[in-house]
Structure formats: C-alpha cells, structure tokens
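**Q** Sequence:
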Amino acid sequence: MQDHFRQHLILKAAAQLAECLNPQRLGWLLLFLGKPRSLQDAAREAGVPRTTLGYHVQRWVQMDMLQVNSLQKTKKYCAAMESVYLSFEGLEPEALHSILLQWSQIWQEKILRAGLEARGSLPGVLFYRSEQQLHADFAADQHASIHPAGRDAPAVLLPSWVSEFHLSYEDARELQKDLLALREKYAGRSGQRHLLQVALAPMLRD
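In terms of our numbering, the sequence shown opens at residue 1 and continues consecutively.
Possibly wrong hints are sitting among the right ones.
Keeping only pairs whose Cα atoms sit at most 25 Å apart, straight-line, the calculated SDA-like set for lysine to any residue is [unchecked claim]:
#, residue 1, residue 2
1, Lys110, Trp28
2, Lys75, Leu91
3, Lys75, Glu109
4, Lys110, Ser98
5, Lys110, Val48
6, Lys177, Ala95
7, Lys75, Lys110
8, Lys12, Leu91
9, Lys75, Trp28
10, Lys35, Asp64
11, Lys35, Glu174
12, Lys110, Gly47
13, Lys35, Arg183
14, Lys35, Pro49
15, Lys110, Leu196
16, Lys73, Thr52
17, Lys76, Ala43
18, Lys35, Glu109
19, Lys75, Ser98
20, Lys110, Ala187
21, Lys76, Arg113
22, Lys185, Glu174
23, Lys35, His56
24, Lys35, Lys177
25, Lys73, Pro36
26, Lys110, Pro36
27, Lys76, Arg44
28, Lys185, Ser38
29, Lys35, Ala80
30, Lys76, Ser98
31, Lys76, Thr52
32, Lys12, Tyr55
33, Lys75, Leu39
34, Lys110, Leu195
No lab work stands behind these hints: they were computed from the structure.
Whole structure, please, built from the sequences with the hints as guidance.
**A** Quick look at the structure:
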C-alpha cells in the first residue's frame, strides 16, 4: 500500500483536512496541483488579491501541502505531490458527504456546459421520466452521428444526459470492471478531450 501512495500526499492532520473541506480554499489549493504557478498568476486566475492568496500559500507551505521553487527569479509554488488524498479516518460522515456533494456539483456543471458547447446546432429534447429522473437528449435520433468540423473540434460521442437508471447486479459488475480498466488506462495522462462523469453505487432498499 505504501508503494502505491509513494508519489501521493495523504492528508490526515486536522489542520490539513480543514483546508480541503473549505470549498474556497480548496479551489485555490488545486490551482497548484500538477502545475507550478507564481503567486501572481494563481491570484489572477482565482480572482483574489495577491496578498489574500499569499497568506494561505505560506500556511500551505508550512503544512507541507505546497513546495516552493526559489531557484527561479520568480518563486513558483506547486503541490507537494502529484495527487492529494484525504484520509477517511480523519473525516466525519457529515464532512465527507459535504465535500463529495460540492465536487459533484462542480463537475456536473462542467460536463453540462461542455456538452452544450459541443452540441452546436444539433436539435435536442429535455424530458422527465419521473419526478426524480431528468433526461437531456441532444439528438432526437439517438443514432445520429456528429461529424466534427476538424480533427481538433470537440465531438459529442453520446449526446445524451440521464440523471440515473438502475442496473442489474450482473451489469453493474461488468460496468465496474470496465470503469476500473478505463481508469487504469488513463491514469497519469493529460490533454484528453473528453470528460466522463459516472457514479456507480448499490442502492439500499427502503
């Protein structure tokens, strides 16, 4: 297990976890994950004063969450490791639920915006199957193909958003295997053009 996390930072201290449970500070911290940035550039992207972000950056350096490269003329900061893990051991169930809900909303917004932008002039429909289920089909004909204008143009491979649907045990197991294989295939890669958001969980019966 230690070998698996050798290049990763596992946060367990209460002070470290508190930083990641604050949506605003976590958003600032993630600016430095995987890419060294100057304080000025990070503050500009975050839309906050340099002094405000600088205060938190210094705290993160002291907590070993950021490292600084002072060899260059302009100091650049980067997350101490390529990935950051929050240990469940230090999280209360309410805090864990809160942070997962926050990030679920963030990625939901990203993927919907990306789909709408890639859709272009493709006709679509929005409909409800039940009170809880919302469907968004960008192509009335689900067999319609979308031909990008060029190789670098975005393409919607599956122009359909489904809020949820329930799988059989056998299909869920097969999907789990496929998702794990896909995660392993793309681990550590960057510059991909398509975003996949999937949640697979056993539903408790009432």
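**Q** If you test the structure against every hint from before, which numbers come out violated?
**A** 2, 3, 6, 7, 11, 19, 21, 24, 28 and 30
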